[in-house]
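With the hints as extra help, turn the sequences into a complete structure.
There are 2 protein chains.
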Amino acid sequence: MPVAELLPITDVSAAACCAPLTKEAIDPAGAETVARTLKALADPTRVRIVSIVASHVGQEACVCDLQGPLGLSQPTVSHHLKVLMEAGFLTRSKRGTWAYYALVPGSLDKIADLLRTV
Amino acid sequence: MPVAELLPITDVSAAACCAPLTKEAIDPAGAETVARTLKALADPTRVRIVSIVASHVGQEACVCDLQGPLGLSQPTVSHHLKVLMEAGFLTRSKRGTWAYYALVPGSLDKIADLLRTV
DNA sequence: TGTCTATATTGACGAGCATCGATGTTCGGG
DNA sequence: CCCGAACATCGATGCTCGTCAATATAGACA
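As you go down the protein sequences, you meet chains A and B in turn.
Here the first sequence is numbered in the working numbering, starting from 142 and rising by one per residue.
Here the second sequence is numbered in the working numbering, starting from 142 and rising by one per residue.
Be careful, since some hints might not be right.
All copies of an identical chain are treated as equivalent in the list; a pair is satisfied when it fits inside any one copy or across any two copies.
With a cut-off of at most 30 Å between alpha-carbon atoms, the simulated DSSO-like pairs for lysine-lysine come out as follows [to be verified]:
id: 1; residue 1: Lys164; residue 2: Lys251
id: 2; residue 1: Lys251; residue 2: Lys235
id: 3; residue 1: Lys251; residue 2: Lys223
id: 4; residue 1: Lys235; residue 2: Lys223
id: 5; residue 1: Lys164; residue 2: Lys223
id: 6; residue 1: Lys164; residue 2: Lys235
id: 7; residue 1: Lys164; residue 2: Lys180
id: 8; residue 1: Lys180; residue 2: Lys223
Hint data in this document are derived by calculation from the structure and do not stem from the laboratory.
Dropping the structure here:
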């Protein structure tokens, strides 16, 4: 690891490998937050769940709407829904014996904007 | 790609829980692609790497620029760089003994746009 | 040639995660 | 008040992944 910082880069080939900065990078805590949010969507099943929920009127669907298309067991579907809830992508409203999951408006745009600023 | 009606569907006639659709949801193969790309960024270390690379002039940095701030072993840094390369976020150009990693222009915007269309 | 330096690859270990069956909980209807 | 339906939680399992030490590779220089 070369210690050549604060070095005028008139000649790149002869200088050390380290280039100067143009802005400040993200801090570790911020990176942890971004990664935790992205991890919630970094699963094909959960991407499908968000898409299916968003495809329904009112961007809302219950578990029975998901279990068929996904072809997974009910506990597994419930698990994914919980992950998406804790990440802030879905909300749950129980009506009768059914649990309706709705897409949080702007949650996808929010993480998309976050990506552009990284 | 259109979803076949091969899976046992719960009785929708009597059940009031299932809402109609407004559009077609993402197909499983597309969800797999989106998830695989997001998984590359779903790690705090890799988010920091992308940010550090983007912070340098020319959005380019070598491994020695990363090893210090990240505080990880050299093989681990190389491993993350490889993951980000295979996901299409970084490119590598070797000059001398140093390997320079550069941000692929528009790669972050591309995945951000993908998220909005899910 | 040989050595030194920067980086890549390998192998292994431990933590985390997706999945399931079994069980618990809550609500509606008889 | 009990039974069934919808959903959540628990415990276990197999697989993926992040990490490191050791080793390999490749270029620069004497």
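Checked hints:
In this homomeric assembly, lysine 164 and lysine 251 come within 30 Å of each other (Cα to Cα) both inside a single copy, at 22 Å, and across copies, at 22 Å. Proximity of lysine 251 and lysine 235 under a CA criterion of 30 Å is satisfied intra-copy only: 26 Å inside one chain copy versus 36 Å between copies. Within a single copy, lysine 251 and lysine 223 get their C-alpha atoms as close as 20 Å, and across copies as close as 28 Å, so both meet the 30 Å cut-off. When the C-alpha separation of lysine 235 and lysine 223 is checked against a cutoff of 30 Å, the pair qualifies only within one copy, where the shortest distance is 14 Å, while the shortest distance between copies is 45 Å.
In the homo-oligomer, the alpha carbons of lysine 164 and lysine 223 lie at most 30 Å apart only across protomers (24 Å), although the nearest pairing inside one protomer, at 37 Å, exceeds that limit. In this assembly of identical chains, the alpha carbons of lysine 164 and lysine 235 lie at most 30 Å apart only when taken from different copies (24 Å versus 47 Å within one copy). In this assembly of identical chains, lysine 164 and lysine 180 lie within 30 Å of each other by CA distance both inside one copy and across copies; the values are 26 Å within and 26 Å between. In the homo-oligomer, the alpha carbons of lysine 180 and lysine 223 lie at most 30 Å apart both inside one protomer (13 Å) and across protomers (19 Å), since each shortest distance falls under that limit.
In terms of the numbered hints stated before, the structure departs from none.
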